[in-house]
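Taken in order, these protein sequences are the chains called A and B.
First residue of the first sequence: 0, per numbering that gives the first Met the number 0; consecutive thereafter.
First residue of the second sequence: 0, per numbering that gives the first Met the number 0; consecutive thereafter.
Worth flagging that the hints you see were computed from the coordinates, not collected in a lab.
Because the structure is a prediction, the values reported are computed rather than measured.
Misleading hints may appear alongside valid ones.
Every beta carbon over 12 Å from chain A, so not counted as near; a handful from chain B, in silico [as the list claims (entries may be wrong)]: (1) Val8; (2) Leu41; (3) Gly45; (4) Ala71; (5) Leu77; (6) Arg78; (7) Ala83; (8) Asp84; (9) Glu97; (10) Ala111; (11) Leu112; (12) Ala113; (13) Lys119.
For each label pair, taking beta carbons as the anchor points, the in silico distance ranges come out as [to be verified]: (14) B:Arg31 to A:Pro89: 51 to 57 Å; (15) B:Leu86 to A:Val116: 37 to 43 Å; (16) A:Phe82 to B:Leu77: 31 to 37 Å; (17) B:Gly105 to A:Asp21: 28 to 34 Å; (18) B:Glu3 to A:Gly54: 36 to 42 Å; (19) B:Arg31 to A:Val116: 39 to 45 Å; (20) A:Gly75 to B:Glu97: 33 to 39 Å; (21) A:Gly75 to B:Gly52: 53 to 59 Å; (22) A:Ile34 to B:Leu77: 49 to 55 Å; (23) B:Glu7 to A:Glu63: 46 to 52 Å.
Yeah, the Cβ is synthetic: ideal placement off N, Cα and C, and Gly gets one too.
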Amino acid sequence: MIDEFSADPLSEVDVLFFDVGDTVYGTDASQVLRIDRSHPEDFVQPGLGSLRRGGRVLVFDTPEGEAHLKVDAIRGVRPIPLFQLRRMPPAAAAASYAIGVFLEADEAHPILLIDLVETLKAQGRH
Amino acid sequence: MPSENVLEVIQAGLLTPLPRSPSFLLGVTGHRGQVIPVMDILRFLGKGEARVGSRTRLFLGTSGSYTVGVVADAVLGLRRLPVADILPPPVGGDAAVEHLLGICEGASPQDALALLNFPKLLQSARQRAVVR
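The shape of chain A in the complex, shown without the other chains (with noise of 0.2 Å):
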């Protein structure tokens, strides 16, 4: 059953890995431009935690132009199989950009997903 979810490249989606702090998040790899290295302007989400140097940002797209999320460290993208993503469970009330988790075969430990422009929008909110 596993492998042909694996074999099929429409049962998988890139995922980016990245680190704030002492947290790892993902996101979905096609909403990145580039990587790039951060300046003081570029925007902050404290909501992913406090980041240690914030050296990295993420570039990507919004209906405004390009947005820059800062980072601490990338990761890498791996695709992960369709299968290994979940929603959000509803009683979590997450914030709006933590649209779901990654959740490794056999790890407790859930890796938060992360829509970037998401993060955007909800700037200023709470």
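With chain A fixed as given, assemble chain B onto it according to the hints.
Here is chain B on its own, set in the frame of chain A:
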């Protein structure tokens, strides 16, 4: 808590914190391919906070279509209680009282049991999370 609201008891694994979630939601954990939000009842009821360590247990509480992991210092076991022994919750208590089904008195005050109304607790938690 009535056993009809408990699915199982598991060891607390690593929790993934959730951005901008209420403080009583400690994060999510994975269990049997499901993502389970984990709740600290003490924080929710304003009675302190739970310590999550290697020996901490979660009981998976369920109500309707929702399942939540609840932090417990220890799980003491299952007891059969006659309904006639369950007294109504005290009137005019703090916020915790409104989430009780009732009180079951024991031989001594230390043996008394507070029975949680888990569906109501979960509903209140969801409402509190939404109105933030």
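Please test the hint of 33 to 39 Å on the beta carbon pair from glycine 75 of chain A and glutamate 97 of chain B. violated, 49 Å
Interface exclusion of alanine 111 of chain B relative to chain A, criterion Cβ beyond 12 Å: The assertion about alanine 111 of chain B holds, with a minimum of 30 Å to chain A.
Taking 49 to 55 Å as the stated bounds, is the beta-carbon spacing between isoleucine 34 of chain A and leucine 77 of chain B within them? holds, 53 Å
Pairwise beta carbon distance, phenylalanine 82 of chain A to leucine 77 of chain B, judged against the given window 31 to 37 Å: Once the Cβ atoms are compared, 35 Å apart, the range 31 to 37 Å for leucine 77 of chain B and phenylalanine 82 of chain A holds.
Taking 12 Å as the cut and beta carbons as the points, is valine 8 of chain B off the interface with chain A? Fine: 15 Å to the nearest Cβ keeps valine 8 of chain B off the interface.
Could one say that the CB atoms of glycine 75 of chain A and glycine 52 of chain B fall in the range 53 to 59 Å? At roughly 32 Å between Cβ atoms, glycine 52 of chain B and glycine 75 of chain A fall outside 53 to 59 Å, so the hint is violated.
Is the claim that alanine 83 of chain B lies outside the interface with chain A correct, judged by CB distances over 12 Å? Answer for alanine 83 of chain B: holds, closest chain A Cβ roughly 34 Å.
Could one say that the CB atoms of glutamate 7 of chain B and glutamate 63 of chain A fall in the range 46 to 52 Å? holds, 47 Å
Do the Cβ positions of glycine 105 of chain B and aspartate 21 of chain A conform to the proposed distance bound of 28 to 34 Å? Given about 44 Å between the Cβ atoms, the range is violated.
Given the hint of 37 to 43 Å, is the C-beta distance from leucine 86 of chain B to valine 116 of chain A inside that range or not? violated, 54 Å
Just double-check leucine 77 of chain B for me: nearest Cβ-Cβ distance to chain A has to come out over 12 Å. holds, 25 Å
Using the Cβ atoms, figure out if arginine 31 of chain B sits within 51 to 57 Å of proline 89 of chain A. Since arginine 31 of chain B and proline 89 of chain A have Cβ atoms about 19 Å apart, the given range 51 to 57 Å is violated.
Taken one by one, the earlier hints fail for this structure at numbers 14, 15, 17, 18, 19, 20, 21, listed in ascending order.
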